[in-house]
Structures are given as C-alpha cells and as structure tokens.
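Let's have the full structure, built from the sequences with the hints guiding it.
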Amino acid sequence: MRVMVLFSVCVIHSGFLLEDKSPQQTRTNNQYLSVSKYLADQTSIHHDLETLRRQQEMSMNLLTSQLKQKLTEIESKIPEQPSGNDTCKVLVAKLEQNVKEVQQNNSHLGSDLETLQLKYNLLTEAFENRTAELKNSLQELKQLKNIQQLQSLNNLNEKFQKIDYSVSSLKSHEQARNQDFLALYNLTIQSESEMHSKMNQYRNEMSNKINELQRNINNKVSLTACVEHQTMFSSDETIKFTDIRTTINNANISSFQSTGLYVCTVSYLYLISVVLMSKTGAHEINILKNNNKIVSGWMDDYYTSSANTYWSSAAAVTTTWSQEGDIVKVTSTTTAYIYKDQTSFLTIVTAENAIVQRKKEKRTKIDSLQIAMEIQVIPALEAN
1 MRVMVLFSVC VIHSGFLLED KSPQQTRTNN QYLSVSKYLA DQTSIHHDLE TLRRQQEMSM
61 NLLTSQLKQK LTEIESKIPE QPSGNDTCKV LVAKLEQNVK EVQQNNSHLG SDLETLQLKY
121 NLLTEAFENR TAELKNSLQE LKQLKNIQQL QSLNNLNEKF QKIDYSVSSL KSHEQARNQD
181 FLALYNLTIQ SESEMHSKMN QYRNEMSNKI NELQRNINNK VSLTACVEHQ TMFSSDETIK
241 FTDIRTTINN ANISSFQSTG LYVCTVSYLY LISVVLMSKT GAHEINILKN NNKIVSGWMD
301 DYYTSSANTY WSSAAAVTTT WSQEGDIVKV TSTTTAYIYK DQTSFLTIVT AENAIVQRKK
361 EKRTKIDSLQ IAMEIQVIPA LEAN
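The sequence shown begins at 1 in full-length UniProt numbering and counts up one residue at a time.
Hints were generated in silico from the structure; no laboratory data involved. Heads up, the beta-carbon is just placed ideally off N, CA and C, and yes, glycines get one too. Any given hint could be a false lead.
Unchecked claim - The calculated DSS-like cross-link candidates involving lysine-lysine, where the alpha carbons are at most 25 Å apart (straight line), are:
| # | residue 1 | residue 2 |
| --- | --- | --- |
| 1 | K329 | K279 |
| 2 | K209 | K279 |
| 3 | K279 | K293 |
Claimed, not checked - Taking CB as the label site, the calculated pair distances span:
| # | residue 1 | residue 2 | range |
| --- | --- | --- | --- |
| 4 | T51 | N85 | 49 to 57 Å |
| 5 | Q69 | G110 | 25 to 33 Å |
| 6 | G325 | E284 | 22 to 30 Å |
| 7 | N121 | S166 | 51 to 59 Å |
Laid out in structure tokens, this is it:
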C-alpha cells in the first residue's frame, strides 16, 4: 500500500512538470529538474521497498520460529495426555469406590438407627409400667403409714431422746479431743518450726565451715627454691633462688626467679626458712619483709681463718603474718660467694595452729552428728 501511494505521487508530480506553459528554454530546465527528482524518488522508493521486504522477511522468520516452538511444545505435551487420562480414570474409580462405601455405611447406619429406635420404644414401655407399679406401691405405703404412725410415734420419740443424749455426749467428747488435737498440732508446728530453724542455722554454719575449709585449702602456699649457680652476691643485694623445686599456689614465679622478690599471694601466717652455704667468712644473712628485717642468721669465719678455705652454712627461720602483696627477700650484709644446689635454699609455706585446726575438725564432726539426728527426727514428727 505504501509503495502504491509513493508511485502515484511521483507520477502526478512528473505530469505537472511536463505541462509547463513557459518559453522553450524554461521548459527544458524544468523538464530536467523533474527527471532528477523522479530518479531520486525512484531510488527512495526502491530503498523503502527493500526495507519493507527485509522487515517482512524478519517478521516471517520470527513467526515461523515461534510457530515451530509452539508446535514442538504441543508435540511434547501430546504424550503426557494419556498418562493424565489414566490418572483421572484411577481417581474416578477411587471416587466411585468411596461413594459405594459411603452408601454401604449409610445403609448400616440406617439399620442401626431402626434397631436403636425399637430398643428405645421397648425401654420406654417398660419404664412406664415400672412407674405405674411404683405409684401403686407408694399409695399402699402411705396407707400403711397412716395405720402404724400412731403406734410407732411413742417409740420414735423415745429413740430420738436416746439419740439426742448420745449425740450430746459424743459432741462433748469430740470437743475435748479437738482441744487435745489442737494442742498437739500446735506443739508439732512449734517443734517443726524450731527444727527447721535449727536446720537452717546448721546448714549456714556448715556452709560457712566448708567455705572456710575451702579458703584454708586455697590459702595453702608452698615454695622451695635453690641457688642454681655458684654466684657472688654484693652487700644487701637480693639473693636469687632460681632453681624451683616445689611451688603450690604461687603466682609470678618467673618474676621471683628473675628478681628474687617473693610476693605473698594470700594474707596468712607464713613460715620462712633460709639456709645458705658460703666461704666468704663472718657475715649475716637477713630475711626482710617490705625492706624491714625480720630475723637474721650468722655465718662465722671458723674455716676461713685456717690455711685452707672451707664452706660453712648459716640458717634463719621465722614465722610472720603477711598481707597479700607483701614482699619477702633474703640478703647478705657483705659480699658473699654462695654455693649452689640443695645446700643453699629458701622455703616459704603457710602455717596454721594445729590445735585450732583439731578443734575445728572436732566441732565439724559434732555439728554433722547433730544435723544427722535432726534430719531423722523431722520426718517422724511430720508423719505424726
């Protein structure tokens, strides 16, 4: 359609150019211009035709590919229809079977309902007959009661008086028993309350004692260290015991090995002993706490005064109450050459009074026995 319109426009346009009434020269120029435009229009039309043809081919190719795809999908779905039909047939068969079962159940229920209705009618009839018999019996009893009422009235009055007396006696006895039971109950409640109070008290005491024992266990500190190498220590220089033989609950052992300063980890009573072997001569060895001397040991010069030089030992032992963070160290009053290994060592342990410990253990055993006895008594009281 578009091609026909363009062709008609071009023909009409060329026709108008040929009917020119101007002179010969002018007509020749106009005729040449019209042919050029005609050729340009022809070229444009040809181009448009080619474009339209390509678009048509593309559209046809696209439609062809889509039709092929649709046909392929339809062909792939065709084999699935029989399986779907089979499934539908199976479902229809199952539904028919279910309908038959429901109909059978309805038939059974109908027969059961008829049976129940028959039984109900029989029971209703029997109940009505029994009710009539009971009404007759009640009427006869009323008549008999009217006859015997006068005879039994006096007997009933006497029996009532006896029963009233017995009830009054029972009430008085019951009130006395209630008072006794109330007193016994109050006594039981009071005893139980006291027992529970004592139990709680003993539990708290036992908990405190266990905590105290745990603290005592945690407060057990022990350290034994020796001088590792024969070393010359200057006057008032801290002697270092770097060879650790025993350590329990000690922190910063590496710091103690490098500095010789022992930092107390718990506030407790400490037993401190030091033994040093030296060949320097007469001098003191000191145990200091927080740079304050606690005790000293003396090393004489008996052997050094002779021709040959011999080693001699000195010891210092003390007990002191130390707070957590106190610093203990060992020094010499003069420059001393200290021997190594087991002959020069430092021992620090926490100590406790043995008598106090035995008293605590004895008291703990007594408390345990009391608690065990009360645990046996309380269930007996609760049972009563």
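query: Keeping to a limit of 25 Å between CA atoms, is the pair of K279 and K293 held or broken?
result: Holds, because 23 Å separates the two Cα atoms, which is no more than 25 Å.
field: Straight-line alpha-carbon gap K329 to K279, limit 25 Å
entry: This hinted pair holds, its Cα atoms lying about 21 Å apart.
message: So if I understand the rule, the pair passes when the alpha-carbon distance is 25 Å or less; does K209 with K279 pass?
response: Between K209 and K279 the Cα gap is close to 51 Å, so the pair fails against 25 Å, i.e. violated.
- prompt: Do the beta carbons of N121 and S166 sit within 51 to 59 Å of each other?
  reply: holds, 53 Å
query: Falls inside 49 to 57 Å, the C-beta gap from T51 to N85?
result: Given a distance of about 51 Å, which is inside 49 to 57 Å, the answer is holds.
task: State, for the Cβ atoms of G325 and E284, whether the hinted interval 22 to 30 Å holds or is violated.
output: For G325 and E284 the Cβ distance comes to about 27 Å; the hint holds.
message: For the hint 25 to 33 Å, verify it against the beta carbon of Q69 and that of G110.
response: Roughly 60 Å apart at Cβ, these two residues miss the hinted range, so it is violated.
Going down the numbered hints, you'll see the structure goes against 2, 5, while the others check out.
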